[in-house]
Structures are given as C-alpha cells and as structure tokens.
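> The lines below spell out each chain.
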Amino acid sequence: MKKEKSKEQTFFQKVKFVAKDIFSPYFSKEARTFKTKEFEVVQPYPMSMYILIVLVIVFILAIRATNIDLIMFFGNLDNMWRIISRLIDPNFAFLPRMYDSLIETIQLSVGGTLIGSILAIPAAIFSSSNIVKKSVIYNPVRFIMSLIRTIPVLVYAAMLMFIIGMGAMAGLIALAIFTFTIVAKMLYEVIETVNMQPYEAIESTGANKLQAIRTAIVPQVLGSYLSIVLYNFEINIRSAAIIGFVGAGGIGLLLNDRISWRQYEDVGMILLVLFAVIILIESLSRYLRKKLT
Amino acid sequence: MTYNIEVVNTYNRRPKTLLFKLALGAFIIFLFFWSIPATSGPLISETGLDIVQRMFQGLINPTWDKLFSLENYHVPYLMYETVMVAFLGTIIGTLVAIPLSFLGSRNITNRFMSFLISVLVVFIRTMPFFVIGLIYIRVVGPGVFAGVLAIGFTSTGMITKLYTEVVEDMDKGILEALDSTGATPIQKLRSGIVPQLYANFVSISLYRFDINVRNAIILGLISAGRLGFELQAAIGNFRYRDAAAYLWGIIIVVMIIEFASANMRKRLIYGKK
Chain A
1 MKKEKSKEQT FFQKVKFVAK DIFSPYFSKE ARTFKTKEFE VVQPYPMSMY
51 ILIVLVIVFI LAIRATNIDL IMFFGNLDNM WRIISRLIDP NFAFLPRMYD
101 SLIETIQLSV GGTLIGSILA IPAAIFSSSN IVKKSVIYNP VRFIMSLIRT
151 IPVLVYAAML MFIIGMGAMA GLIALAIFTF TIVAKMLYEV IETVNMQPYE
201 AIESTGANKL QAIRTAIVPQ VLGSYLSIVL YNFEINIRSA AIIGFVGAGG
251 IGLLLNDRIS WRQYEDVGMI LLVLFAVIIL IESLSRYLRK KLT
Chain B
294 MTYNIEVVNT YNRRPKTLLF KLALGAFIIF LFFWSIPATS GPLISETGLD
344 IVQRMFQGLI NPTWDKLFSL ENYHVPYLMY ETVMVAFLGT IIGTLVAIPL
394 SFLGSRNITN RFMSFLISVL VVFIRTMPFF VIGLIYIRVV GPGVFAGVLA
444 IGFTSTGMIT KLYTEVVEDM DKGILEALDS TGATPIQKLR SGIVPQLYAN
494 FVSISLYRFD INVRNAIILG LISAGRLGFE LQAAIGNFRY RDAAAYLWGI
544 IIVVMIIEFA SANMRKRLIY GKK
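These protein sequence lines map, in sequence, to chains A and B.
With the working numbering, letter number 195 in the first sequence gets 195, and the count goes up by one each step, no holes.
With the working numbering, letter number 2 in the second sequence gets 295, and the count goes up by one each step, no holes.
Simulated from the structure, these hints should not be mistaken for lab results.
Watch out, some of these pointers could steer you wrong.
[Claimed, not checked] Straight-line distance between alpha carbons at most 27 Å, and here's what the computed BS3-like set of lysine-lysine pairs gives: (1) B:Lys309 x A:Lys290; (2) A:Lys291 x B:Lys465; (3) A:Lys20 x B:Lys454; (4) B:Lys481 x B:Lys465; (5) B:Lys454 x B:Lys481; (6) A:Lys185 x B:Lys454.
I would like the entire structure built from these sequences, with the hints used as guidance.
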C-alpha cells in the first residue's frame, strides 16, 4: 500500500518536472541561463509555443472557412468503401478500349515537352545574366516568365478550351506553355553557373554571340538541358493524364466519362494501366538522367 | 598556311559523332511528327482570337471592385479560402505521414514493412488527384470539404516519402546517449528526436503547402474548390473582366505563398541571417 503511494507520487513528480522543463523558459530568464564558474549562456527566447498558438488559431479559422462536416463524412464513409472495393476489382475487358486514349496521352506529353523545351532555349538565354549583361533585358524577361509560371497547367487547359475548342490541341498547348516556363527557369539557372572563359576566348577571336554560345555554352549545358527536359517529361505525363478532365484530350477524358457513369471497375483498370505506364516512364527517365549527369 | 602538326592530329582524332547526332535528330523529328497528329483539328476556333484579345484587355483592366472588395465570394475571400483548404490538407497529410514515415523507414522497422509502405506511397503518388477529388465528391458532395480531403490524401504520399528519407538519416547515437543519462521516454522524444527532425519536417510540409495551394485552385475545375470554378464559370459566361480578376487572384496568391514558403524554408535550414 505504502509502496503504491510512493510510486504515484514519483509519477506526479515526473510530470511536474517535465512540465517545468518545457514551460519555464517562457516565463523566467533564469531558466534559460546556463551558468558555470567561467561563463554563462543565455538561450534565445523560444518561439515554438507562439507558433503553435498561431497554428491552432489558423486551424480553427480554416475549419470555419471550409465548413467541415465530419459527421456527414463518417456517415457517408460506407459509400467510399463501396467505391474503393469496386476500384480494386479492375475490369480487364476494358483494356482494348483505352488503348487509343493512352497513346494520345503519351503523344500529348511528348509533343508538349518537345515544343515547350525547344521554345525555352531562347527565353533562357535572354534571362541569364552572364550572356545578356543588361539587367534591363533579363529582369523583365524573368518577371514575365515567373508570372506565366504561377498559373497551373490545368487552368491554362481550361482557358484554352474556350479559345481553341474541345480536343487535344488545347492540352498540347497548355502543356507546352507550362514546360516552356519551367525549362526556361531551370535552364537559365544552369547557364549562369557555366565557366565563361571559353565564351570570352571565342568572342575575342571575332565570333559573334550566336557562334560563341554554340561552341562555348552549348557543350557545357547540353547534358543538364536533356536531363531537365526528361524531368519535365515525367511531370507532363502526370499532367497529361488529368488534363482530359477539363476536356483537353488524353486519358482523362475517358476517366471522367467512366467516373460520371459510375463504372468504377473500368476506372480501376485505367488507374492500374496508368500506374504501370507512369512507373515505366519514370524509371526510364531516371535511368537516362543518371547516365547524363 | 601551316598548322602545328599536334593540333592537326588532335583535330583529326576528334570524336566522330555525326551519325549519332543525325540519329538523335531523326528521332526527335520522328517524335515530333508522331505526337502532332493526335492534335488534328483547327488551331483556333472562330471566336478564339476575340477571346484572347478580350482576356488581355481584361488582364490590364479587370473588374476592380471584384478584385479588392472584401465581400464573400469575391477574390480576396476566395484567395483566403484557397489558402485555408491547402493549409488543412497539408495538416491532414502531415499528421498521417508522421506515423507512416516512422513505419516505413528501414532503420526502425523491418524490410517488409518499409517495402509495404513504399508501395503504398508510390500508389498514392501515381493516382491522378482529380480521380481522388471526384471520389470524395461522391462521398461528401461538391464543395470545399471534398477538396480538403482530396488534398490531404494526395499530400500524404509525397510527405511520407520525404519524411522517410529524413527519419532514415536520423542519428540513433543521441538516443543511446540520452538513455545513459536516465532520460524518460518523453524527455528522449523532446530532446533526442524532435530537435533532429523538426526543421526538415516543417520544411517539407511548407514545400508541400506551396504545391497544395496550386492543387486547391485546380480542384475548383471539378467543383471541389471555388477559385478555379469561378474562373471557369466566368470565361464560360463571357465575363472576361471577371475572369481576369480571378486570374490575378491566382497569380497573387501563388506568388505570395511561393515566396513565403521559400523564405521560411531557407530560414529553417540555414538559420537566421
């Protein structure tokens, strides 16, 4: 009996000790000071508690802004289980019907990547500060590029739907715009780190800028450029898969159709094939990128 | 004209890559022509040019009272809502990812468990997030709540993957040292594990938050969010100046969040300047 009581007390003491250890630095300066005979160190004021309070306030605001209804969510959870159980039972008879859309998806991402990354080369040259030495030129170019980059690729696709009309063309152009900005940004960052001495040497022989870039800059950045393009191709295959949801071609069109008809077995099949294709392309691209760098 | 014989010899021994270059060029041209026929169709619709012109006019002169008024369902409110959706989604993703990442890191659990978790992560990451959004719409109805759930689900994959890498780099020697001083489990957690992980964890979550803001906008296109939805509706109803206002909203919110997230991450990793 006596033993138990003492045990309880020690547990309470432990909790008190830990609580004091955590909270005291907020209130007293002594708790943050470590003294020895020679010197004393004062810890900087800990901010984590206040960050936590701010996070909690934002959390409450967020819950109010998004009108979360957990009761409804858990009430409808069996609905979700029904969908998932149909998703993981793919309908293999659907395989031949999705072949065309799958090819179109890959074509979209290949075409978008190609067009975007070729157009990105001049933009990258104009926004790198070691080739164009005037900040009047490269700063506005960079600013416009980052302005274009903020808009997500699917928003571009949704807007181009109205400009170009339904079909894969809108998706291709949306992907090309997006690839263009990202490749240009990554490429100019690479160009700015190259060794400029060959460039100056070639310029001093009387070559013009274009020749100097071709012989001095291109060999230095070609590997990185191809690796950037492959990386963008990886991103684009994911975007191309969902770009059809807004009507811009590819397998998303089929996926949207199957979901709205509630044919979840077909959806499961599409997801399975998409999974395989994305993994295949990603591992191929990773392998090539490792070889390039 | 005479050249140094060394130079001439070296020049003659240069790698002969003409064939490779030709093959690569042919391959690229082939890819180009293979991918273009998929997009057969008119390059621009009859009203397309008109819409482009009106959009650009709108971007210069958007509906100003929509862009700045603080009423509900005007641009600042929608921006706020988008950020809140992304925030909640990131919180959900982080909370789910913490246990998963500890389960999935090879220095804590066995090989089989970590393999299982990595397969799960790859599966979540390859799942198109519109599909997840539409499934959640079927469950909770269209609206922002479905967007929160979809973003939470999709962020779990990437956050778990990156957290696992951090946990695998964790130094376990510190825990042994704390053990030898007789520290309690709570103290070990507080002074052994949290200080090692939290900077990287927070930085990863901030990075994902940046991505989630864009995803929250995109989810509007399937009516699981409002900023994207309003933009689509405005263009569809030929209200180009309103559409431009929403577009400016998207640009501003993405730029602010990108800038803030990048700065905070820099400060977390490199400390105060």
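> Of the numbered hints stated earlier in the document, which are not met by this structure?
2, 3
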